Amino acid sequence: MVLGYLVEECFRPLAALVLLLVVANVLFGLLLRHRLLIRWVLELQILVDLLILTGMLHFSGGSENPASFVYVFHVIISGILLTRQRCYTTVVLATGLFGAMVFAEMAGVIQHYTLSVFPHALGGGEDLMHGAHDLAFTTSAVLVQFILMLLTAYFTTTIMERLRAQEQRASTERQRLQHVVQATGAGLAVLDRDLQPVWLNEQIRQWLDLPADLIGRPSPRLNEWTGGEDGPAAATFGDGKVRVVERVTHAPGERHFQVTVAPLRDRDGNIHQVVELALDVTERKRIEAEKRRRKRLARARRGRIERGRGTGRGAGGRGRR
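Just so we're aligned: 106 in full-length UniProt numbering is position 106 of the sequence shown, and the numbers increase by one with no gaps anywhere.
Calculated directly from the structure, the hints in this document are not laboratory data.
In this text the structure is predicted, and so the values were computed from the model without any measurement.
We treat Cβ as the ideally placed atom computed from N, Cα and C, and that holds for glycine.
Check before you lean on any hint, since a few could be wrong.
[Claimed, not checked] Derived CB-CB ranges, DEER-like:
#: 1; residue 1: Q182; residue 2: G216; range: 19 to 25 Å
#: 2; residue 1: Q111; residue 2: R267; range: 53 to 59 Å
#: 3; residue 1: W199; residue 2: A100; range: 46 to 52 Å
#: 4; residue 1: K291; residue 2: V244; range: 20 to 26 Å
Sequences and hints are given; from them, build the entire structure.
As structure tokens, this is what we get:
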């Protein structure tokens, strides 16, 4: 039904452009997969897409095509993935391509193809009067397109810069926390409501022999460590209380840990994650056990001495009798 609004001579060029778009995307995908031209792939892809889009608009009504606003999507993509400067460069490039096509059609340099969905007035000779041949219409079309893309670029880049700044602050805080935790020799694990790891520091990975790609995936080893649904992490999700527990691992060798389990709340005060801070207290336990052993030995030695003294006094008394 859509094709019924186009003249037949546009079908082949449009089909060729669609095929070219598919081939281009496949090639760019291969470049990304093999990490070739990695710095320029995105810019090249946006440029090629804009050229193909301009060609498709030309063969489907030019400035009279109501779908001409799709340039905006490339501006949004540029604002999300590229810098502010390159996003505005995309605006200038898209406006230049659209304006060149529109004014070339108006001047008769290239042919204008009729899109019958756009209303056309009849001239004195009963010929169609195209908006694409009217200076006021074409100028306003280019101007509106430019303003739309400019505003889109401004809002998109502003939002993305704020998000990037927040991510940078969060990353800085995470690194600072990681350095502090690393300096204390503690292990840190952040768990979601499914008790899956959101973040693990290197120390806890080494202690539990966890793979580097464990984030967001279940792990029997980690589940054994947290205690699963019956463990303190699950209980903290339920009541929001901070818990301090002791855990023991047996491979390789017996190690003792003191683990503090605490809730992490969102802005609304809801618990969305739990953090476990683990300290290796094996040496402390060994020292405490050694102290207890020495105390027992000391008590036993004092007991033997006292028993020996008592025996000596008893023997002395019998001798005097």
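Hint-by-hint comparison with the structure:
1. Q182 <-> G216: 19 to 25 Å: Hint holds: Cβ distance 23 Å, inside 19 to 25 Å.
2. Q111 <-> R267: 53 to 59 Å: At 58 Å between Cβs, range holds.
3. W199 <-> A100: 46 to 52 Å: holds (50 Å)
4. K291 <-> V244: 20 to 26 Å: holds (22 Å)
The structure agrees with every numbered hint stated previously.
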